[in-house]
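Undergrad: Heads up: the sequence lines are chains Y and B, in that order. Position 267 of the first sequence, counting from 1, maps to 267 under the working numbering, and the rest follow consecutively. Position 151 of the second sequence, counting from 1, maps to 151 under the working numbering, and the rest follow consecutively.
No wet-lab data here; the hints were simulated from the structure. It is possible that some hints are incorrect.
[Said to hold, decoys possible] Calculated lysine-lysine pairs in the DSSO-like style (CA-CA distance at most 27 Å, straight line):
| no. | chain 1 | residue 1 | chain 2 | residue 2 |
| --- | --- | --- | --- | --- |
| 1 | B | K24 | Y | K138 |
| 2 | Y | K24 | B | K24 |
| 3 | Y | K350 | Y | K169 |
| 4 | B | K138 | Y | K315 |
| 5 | Y | K236 | B | K24 |
[Stated by the list, open to error] Not the full set, but computed from the structure, chain B residues with beta-carbon under 10 Å of chain Y:
| no. | residue |
| --- | --- |
| 6 | D116 |
| 7 | I131 |
| 8 | P269 |
Don't be surprised by glycine CBs; every beta carbon is placed ideally from N, CA and C.
Number of protein chains: 2
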Amino acid sequence: MINVAILGLGKIGSGVAELIEKNKAIICREIQDRINIKYILDLRDLTGTPYESCAVHDIGTISSDPEVDIVCEMMGGTKPAFEYSLECLRAGKNVITSNKEVVASFGNLLCDAARDNNVRYMYEASVGGGIPLIRTVKTAFAGVEIKEINGVLNGTTNYILTQMVNNNKTLDDALKEAQALGYAEADPSADLNADDSCRKICILAALCFGRLVPTSLVSCKGINEIKLTDTEIAAKFGAAIKLVASAKMHELGKLDIRVSPCLVTKNNPIRNVDDVYNAVNIIADLVGDVTLLGRGAGKFPTAGAVLSDIIDVAKYVGNTQPTQELMECANEDEVCDEFTTNCKYYAAVKQDAQKIKSDFSGAEILYSDGQLTAFICPDISRQTFYYILEAGGYDVLSSFRAI
Amino acid sequence: MINVAILGLGKIGSGVAELIEKNKAIICREIQDRINIKYILDLRDLTGTPYESCAVHDIGTISSDPEVDIVCEMMGGTKPAFEYSLECLRAGKNVITSNKEVVASFGNLLCDAARDNNVRYMYEASVGGGIPLIRTVKTAFAGVEIKEINGVLNGTTNYILTQMVNNNKTLDDALKEAQALGYAEADPSADLNADDSCRKICILAALCFGRLVPTSLVSCKGINEIKLTDTEIAAKFGAAIKLVASAKMHELGKLDIRVSPCLVTKNNPIRNVDDVYNAVNIIADLVGDVTLLGRGAGKFPTAGAVLSDIIDVAKYVGNTQPTQELMECANEDEVCDEFTTNCKYYAAVKQDAQKIKSDFSGAEILYSDGQLTAFICPDISRQTFYYILEAGGYDVLSSFRAI
Chain Y
1 MINVAILGLG KIGSGVAELI EKNKAIICRE IQDRINIKYI LDLRDLTGTP YESCAVHDIG
61 TISSDPEVDI VCEMMGGTKP AFEYSLECLR AGKNVITSNK EVVASFGNLL CDAARDNNVR
121 YMYEASVGGG IPLIRTVKTA FAGVEIKEIN GVLNGTTNYI LTQMVNNNKT LDDALKEAQA
181 LGYAEADPSA DLNADDSCRK ICILAALCFG RLVPTSLVSC KGINEIKLTD TEIAAKFGAA
241 IKLVASAKMH ELGKLDIRVS PCLVTKNNPI RNVDDVYNAV NIIADLVGDV TLLGRGAGKF
301 PTAGAVLSDI IDVAKYVGNT QPTQELMECA NEDEVCDEFT TNCKYYAAVK QDAQKIKSDF
361 SGAEILYSDG QLTAFICPDI SRQTFYYILE AGGYDVLSSF RAI
Chain B
1 MINVAILGLG KIGSGVAELI EKNKAIICRE IQDRINIKYI LDLRDLTGTP YESCAVHDIG
61 TISSDPEVDI VCEMMGGTKP AFEYSLECLR AGKNVITSNK EVVASFGNLL CDAARDNNVR
121 YMYEASVGGG IPLIRTVKTA FAGVEIKEIN GVLNGTTNYI LTQMVNNNKT LDDALKEAQA
181 LGYAEADPSA DLNADDSCRK ICILAALCFG RLVPTSLVSC KGINEIKLTD TEIAAKFGAA
241 IKLVASAKMH ELGKLDIRVS PCLVTKNNPI RNVDDVYNAV NIIADLVGDV TLLGRGAGKF
301 PTAGAVLSDI IDVAKYVGNT QPTQELMECA NEDEVCDEFT TNCKYYAAVK QDAQKIKSDF
361 SGAEILYSDG QLTAFICPDI SRQTFYYILE AGGYDVLSSF RAI
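Just chain Y, same shape as in the assembly (with noise of 0.2 Å):
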């Protein structure tokens, strides 16, 4: 019998527990074994919930059970989220997070004490919801070297940046319907200021590049300055300005790692990804790129994400866990310095292509109809291409970073 406790009976929780009532047959087939919620700890008192019955309010309880092999932590917030998942972990419980503030903040001493403990730390659910990314980033690409990810990874901006471009509606509209669609929170602040996309990507670069970086210093701007004219006009060429979060890693072994709106060209395959979806394109040495494309959020894709790896947990409690992989620290110098790292830059000017091409060297025309030239510059600095364009007297109508 495998005994999960469950912390914080919210959206999360609430959607792991019923998806294990309901598919217990199928998990019990795959984990060879009977799976049981033994405690949920909860502030509120859940009596009259189906919870009743294993309802506890002090972790301890839960810590101290030698028979609780995995705590799912579902609360949301780093306090007292990362004291109970330590706790648990120091108790040799198996501990398994939706909580990407945690993971982004505390990941390195939650692996750590995991592997101290012989017991695994898993947050396949801390990023893009049900698309299984943490999993695929560690099993399918463990031998090969990873080049770069770009990751649409906030399905409430990316909601509203759809309605801008498909339905003409303006941020502030598309924010209000988002909220009455219960895309986005009363306060959307994280979500549109892009910390949210920040802390996700920074969970995937650790387990892509082996470094954690902290969140402050990742240069992070959110979608409040893109404006409608911003949006149509990347519609002229088929592009879609999206909030992208991206990490790459460059030659001198540094991490350039960023948030910003950005520029996604007809034919990247993260283009297409509209409403609440998110997509995340994945590119490696020598055997390609792969894009993973699903519900980014959501009751109960966020809890299937959960559940695979409350079964791969299962499937080992009882023998030896796999060992936990790590996350080191990465500190300032190790991170790129975003106005004078390369990357591509992309404007709508009112110049032509002439002057542009002798501008910018490598300057890839997308459009120009007389009025207006859309171009990118491959690879170039902030730094440099906002001067070249500021020298240059341009009249810039639109720009971003691109991808």
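Once you have looked at the hints, place chain B on chain Y.
TA: Chain B only, in chain Y's frame:
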């Protein structure tokens, strides 16, 4: 030290050998051990190649060597690939394959042999090249019920269809181009008549639904019957005609499995998969859908998939390998009749929307311009759909299954 033997030094086999040499440091870090290619079995004399010293011509040398841990069967065809694989599994070697023909024809026997001998039979590379489909179905969806899977699984035909739609080429011209570019074989019949897609969907369905359907029981149509006008009509409303392989479990426990040209509507995530790319959309109960997209073939993408299996297996060498999943063969009674089983059908006709709506209950009009009306019937059998079209005196301009 993990010792690997490679059977067949063709495109994939040499890709695996090169990838192991190039990425040795990454692989060793990942498996916490050294890795060595001990044997390469090939009909040819490998004198003068880098593999001269490990060339062998007799499978017995490999199967009888207790030092060999992993055998990579990259031969193609079933004879002698199946016998060699079985011999190696019975000798206690883990076997990894990229050979879809062997897995689709004998996967059940080889999985049985692996389990009986406490080793594993792995086939990530047999479907979708560099796209981690097998692993995702096995792990990410382990605890949920998969409802349906639809995929563009053949890069050659997808390239041809993309050329027909985007560049108005005929099938014949596009095929010649695909051959010139090395995408299509000199004899492209297994691609064109959909045998290749059929083998792949049988393998995926075996994992999703636990039943390996013999390819002879699958209704299979190739792209030969698609005309330029079909793709032109679909483009009018943003849809595409693709060669789609589908598997779906029906309520009665029967599996609906088919491969055919198919209308893929604008919002379907596999709509935008062009050229030699493959894409698969997996729909599961409660947790929603996930789409995976990438290079479905090619030397290094496929070799990368083999390498991910090598690493997975290598981690357990010296310990107990995880239990091999089995494949049970489906018999005729467990497979739906494609004529009488409901799915979605599409037609573009000269008649107007009014007549369609009264003849087909639940019909969804996709497009109508006075000359032509395009519609989808969401839940109807092939038999009934075409009967109504004929009985109603419809002028059918184009018609296919739809997703």
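Undergrad: So, for every hint listed, does it hold in this structure?
TA: Outcome of the hint check:
no. : hint             : result
1   : B:K24 to Y:K138  : holds, 17 Å
2   : Y:K24 to B:K24   : violated, 42 Å
3   : Y:K350 to Y:K169 : holds, 25 Å
4   : B:K138 to Y:K315 : holds, 13 Å
5   : Y:K236 to B:K24  : violated, 46 Å
6   : D116             : violated, 17 Å
7   : I131             : holds, 6 Å
8   : P269             : holds, 6 Å
The structure fails to meet hints 2, 5 and 6 from the earlier list, while all remaining hints are met.
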